[in-house]
Structures are given as structure tokens and as C-alpha cells.
Amino acid sequence: MHASRSTRSSPPWLSLSLLFVLFFALPLVGLVWRASTDGDVAEALTATRTVEALRLSLFTATLTTALAVVLGTPLAYLLATRESAASRLLATLLELPLVLPPAVAGIALLTAFGRAGILGDPLEAAGVSLSFTTAAVVMAQLFVAAPYYLRAAYGGFASTDPRYEAVAATLGLSPWRVFRDVALPLARPALVGGLILCWARALGELGATLLFAGSLPGRTQTMPLAIISAFESSDGLAGAVSIAVVLLAFAAVLLVALNWLARARGPYG
Amino acid sequence: MLLALALPVALVGTSCGGGDGHTVFAASSLTDLMPDLIEAYRDAGGEGHFELSFGGSQTLAAQVIEGAPAELFIAANEETAARVVEAGHRLREAPLWRNHLVIAVRADSDIDAIEALAAPGVRIAVGAPDVPVGALTNRVLDLLAEADPATVEAIRANVVTEDTNVRVALSRVELGEADAAFVYRTDIEAAANEDVRAIELPPGMPATQYVAVLLTGASAETESLFDFFANHRFDNLVREAGFDVSPSVTPTPTP
Numbered sequence: 000m001h002a003s004r005s006t007r008s009s010p011p012w013l014s015l016s017l018l019f020v021l022f023f024a025l026p027l028v029g030l031v032w033r034a035s036t037d038g039d040v041a042e043a044l045t046a047t048r049t050v051e052a053l054r055l056s057l058f059t060a061t062l063t064t065a066l067a068v069v070l071g072t073p074l075a076y077l078l079a080t081r082e083s084a085a086s087r088l089l090a091t092l093l094e095l096p097l098v099l100p101p102a103v104a105g106i107a108l109l110t111a112f113g114r115a116g117i118l119g120d121p122l123e124a125a126g127v128s129l130s131f132t133t134a135a136v137v138m139a140q141l142f143v144a145a146p147y148y149l150r151a152a153y154g155g156f157a158s159t160d161p162r163y164e165a166v167a168a169t170l171g172l173s174p175w176r177v178f179r180d181v182a183l184p185l186a187r188p189a190l191v192g193g194l195i196l197c198w199a200r201a202l203g204e205l206g207a208t209l210l211f212a213g214s215l216p217g218r219t220q221t222m223p224l225a226i227i228s229a230f231e232s233s234d235g236l237a238g239a240v241s242i243a244v245v246l247l248a249f250a251a252v253l254l255v256a257l258n259w260l261a262r263a264r265g266p267y268g
Numbered sequence: 000m001l002l003a004l005a006l007p008v009a010l011v012g013t014s015c016g017g018g019d020g021h022t023v024f025a026a027s028s029l030t031d032l033m034p035d036l037i038e039a040y041r042d043a044g045g046e047g048h049f050e051l052s053f054g055g056s057q058t059l060a061a062q063v064i065e066g067a068p069a070e071l072f073i074a075a076n077e078e079t080a081a082r083v084v085e086a087g088h089r090l091r092e093a094p095l096w097r098n099h100l101v102i103a104v105r106a107d108s109d110i111d112a113i114e115a116l117a118a119p120g121v122r123i124a125v126g127a128p129d130v131p132v133g134a135l136t137n138r139v140l141d142l143l144a145e146a147d148p149a150t151v152e153a154i155r156a157n158v159v160t161e162d163t164n165v166r167v168a169l170s171r172v173e174l175g176e177a178d179a180a181f182v183y184r185t186d187i188e189a190a191a192n193e194d195v196r197a198i199e200l201p202p203g204m205p206a207t208q209y210v211a212v213l214l215t216g217a218s219a220e221t222e223s224l225f226d227f228f229a230n231h232r233f234d235n236l237v238r239e240a241g242f243d244v245s246p247s248v249t250p251t252p253t254p
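Residue numbers (numbering that gives the first Met the number 0), protein chains in the order written: chain A, 0 to 268; chain B, 0 to 254.
Hints may be right or wrong, so weigh each one.
Residues on chain A that point at chain B, a partial pick, calculated with CB under 10 Å [to be verified]:
1) Arg114
2) Gly119
3) Ser130
4) Pro216
5) Leu224
6) Ser228
7) Ala229
8) Ser232
9) Ala239
If you are wondering where the hints come from, they were derived from the structure by calculation, not from laboratory data.
All of these numbers come straight from a predicted model, not from anything done at the bench.
The beta-carbon is built from N, C-alpha and C at its ideal position, and this holds for glycine as well.
Could you build all of it, start to finish, from the sequences and the hints given here?
So, in C-alpha cells, the structure goes:
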């Protein structure tokens, strides 16, 4: 045991791992370094545009994640417990947005929910106009980010030994109780992991939001859009890195908190 | 039409190619014109292989300042050219052509004049205030507000998106998502789309001045291309694309 452990951390692996860590660390260090020399993080933090964008980003990403959990958990459970060729096909279809470039996702949303889209006329008749609204931001994020949660939840439910649920059912538990008291706790680590991925992806969403929701401060301009907008401004890189560091800091704090929550509690580890 | 919307987004952050040509950075509003100009330069006996890279003027300026190996930069306004000059990247500089703002609407739209944009519920796409087309839109609206502040206030309230790329703003009108967009006249010419028409602004509105900056380290071949532009050798092509080639009212000083 002890011998195999020291083999695993032998120099070639160690230096390769170190290089890989540096690959991730250097750009982040560069961002913080550039923001501290060129940028003005304090100004970026208090600027109305940044505050609005940050508030909008946190609100929409959280709402997106809540929707993904509420709508995605039952769907993933159904797909995982009613195993068939159709359910496997559907599960694969629902993962497609993972490989679509976000700009394509934005176009796809326009073709469905835009004014000239499939549902354009019925929506207009009902007085509903989605594009350029905060609702469109959430829809874009949901389309792009929810598949991360769905995939994790599906995997979690599918890898649970079905005998637990079968036993619970024979003991007289209703299907709802089986889901709530047996399947859900067993799949919990997978669900929380998917939730974190979904939230992180929603927070970083850019391409689909830009095309489907536009970019207007206070209404649809989330942090990634504000960063692109700042990069195109006369402040250029200095303005963009300042806002980017603010987003980085908030995302880091929230990710640490979510990961801590994921580990801290849970009846089955 | 949908691809037209995707393309500008794909171009965000596009950097210069790693080929062996001389890199030329040009504002994205020159995307269709530049290849024709390079061809005309070749036909006129000009030498050199050029790699064209298009993007928002501000993005390109930032890339030049960050050390991108470009030899010529054509900015869509004087302010952006000045950023590169102030950062010490200028060999030479010349004013080129001007571009006027128009209102793009769908061909079947009821909108017939700028005042119609003030009606409630009209959705307007504009350039972000920091990119040249957005800055020009603000100047035009400020000027109009001197005569009719209430109308301009209503127009500003109808803005639904501030795009960093003017082609994205135009695509929103083409798709019918927005009712109107403030774009360059050349964008409508380039789109050559029968679904979209241009509404002219009242006379006397400001225009944006394109500026060519020959960057430090430029090759002799790139300087020769710069001279062709600076001497307005291709103005017939440029005029056909919808640019204003009449002499600038406030000429940019050339050192």
C-alpha cells in the first residue's frame, strides 16, 4: 500500500500535474495581476453598470438553476427508472445543447420563441413578447445550462441499485415516498454536483443570451455581456479585467460555499 | 439570414491569422469592401500578401495595444485611431472616408421617419455607447434633442439592446426581432437584403470619419497599400459601397 502510493507520486506524474495546474493558474493570476495594475476594481465594483450586471447575473443564474432542479429532477428520474430505447434516445437528445455552440443555441431559441419563430404568432396574439426581456436571459441560460444538471441527475438515478426502491415499494411506500425518501437521498451527491455545474454554466453564459435576449444594462446585460461590452469600450482591456475580477471573486466565493454545502450535509455521505 | 446573425458573434475575439502575409486590422464595417480594395491594389501593380482581420474598432485597437502583430489599422472613428496613436504605435496616419448613420427597418414597416421611432412599443437596436456606431448614434440623438427633447427621450426609452457589433443590430431587424436599428448606410448596402430598407436622417447630421494608421514595424509593402488608401486612389469602389468620399469637414492632421 505504502509502496504503490509513492510510485503514483513519482516525478514524471508530479511535474506533469504541476504543469497542468499552472496552465489553469497562470491565466487567473494574469487577470488578477492586470486588474491590480491597469484596472480599477474598486471603481468597477461601485459602477452602476457592474452592480446591475452582477445583480442580474446572480438573479438569473440562480433562477435558472432552481428551474433546472424543479423541472429536471422528475424528468431525469422518469428517464432513469423507465429504461427503454426511447428513454435513452430522449436522454441523449436532452444532452445535445452541451455540444452546440452557444450562438447556435441562441439562434435555435429565436427560431422557436422569436417574433418570427414557430411560436411567434401565438405568443404575440397572447400579448407575450420574450426577446429582449430578462425572461429571455433565463430561457437562454436554461437551454444551455440545464443539460448539465439533467445529465448528472440521470446518471445519479440510473446508478442507484433499483432493488432499494423495489424493497421500499414492497414495504408499502407510495411511489412519491419511494422517490422522496429513497431515490432522492441516494442520488443526492450527483444532484448537488449537477446543480453546481448548471449554476456555474448559467453564470458564464454569453452567446445564446446575446442573440436571444440582447444586451441592455439592467434588463438583459449579464456579467459576461458587460465584460464584452467593456472590452469594446475605450477603457478596453483595463475595464474588462476589472469587471472580470469582480465576477471571478463572486463565482469563487459561491463555488466554495456550494461545494462546502455539498460535503457538509447528507444522510448517506 | 440566421447565419448573418451568428457570424459577427463568431468574429468577436478573432485574432490575426498566423500566415506569412502582412496583417491588416480593419473595422468590421469594412468586411465586404476590404477584399475588393486589396484586389484593386494588386490590379494597380501593388505588391504584398495581406491577411485581413475584422472586428469592432475598439477590440482591434485593444489588440494592437496588447501587441498584436498588425501593420495597418483602419478604425471606424477618430477616437479609436487616437487610442492606438497615443499608445505610441503610429508611423503615419491618414483620414479616409466617412460613413453616415441611417435607420434600418423592414421593407414592410410602417416607420417612415425618425419621429415614428418614438411611438410606444417600437423596439430599437443600437450600437453600444462605447463602439463607434453607438457613439455616433448618441451624437445624432443629442443633436436632434436640441430641437425636440421629448421625441428623443421616447426614442431612447424604446432601445431594447445595445450591441457591440452593428451587424448584429441589423440582423435583429432582418429577423424581425427589432423594429428598427441605427446602422451605417454601408451596412444596408452590404446586406443587399430586400427585406430591409434604409430611412435617411435629416440633413446636417454628423458622420463618422474612418482613419488609417500605419503601425510601427510596418513593411514597405504595407506602407504602399497605406499610400493607395491615403491618396484616395480607390474612391469609386468606396463610394459604390455607400461611403461618403467627399472631403472631410474637419480634416485629421497628418504628420
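Structure-based check of each hint:
1. Taking 10 Å as the C-beta cut-off, the interface hint given for A/Arg114 holds, the closest approach to chain B being about 5 Å.
2. Proximity of A/Gly119 to chain B holds as hinted, the smallest CB-CB distance being about 8 Å (cut-off 10 Å).
3. At its closest, the beta carbon of A/Ser130 sits 5 Å from a beta carbon of chain B; the interface hint therefore holds under the 10 Å criterion.
4. Restraint check, A/Pro216 versus chain B: the minimum CB separation of about 7 Å is within 10 Å; hint holds.
5. The interface hint given for A/Leu224 is met, as the beta carbon of that residue sits about 9 Å from the closest beta carbon of chain B, less than 10 Å.
6. Taken as an interface hint, A/Ser228 checks out: its beta carbon lies about 5 Å from the nearest beta carbon of chain B, inside 10 Å.
7. Satisfaction of the interface hint for A/Ala229 is found here, the shortest Cβ-Cβ separation to chain B being roughly 8 Å, below the 10 Å cut-off.
8. Interface restraint check: A/Ser232 against chain B, minimum CB-CB distance 3 Å, threshold 10 Å, status holds.
9. Interface hint status for A/Ala239: upheld, as the beta-carbon distance to the closest one in chain B is roughly 8 Å, under 10 Å.
Violation of the numbered hints given earlier is absent; every hint is satisfied by the structure.
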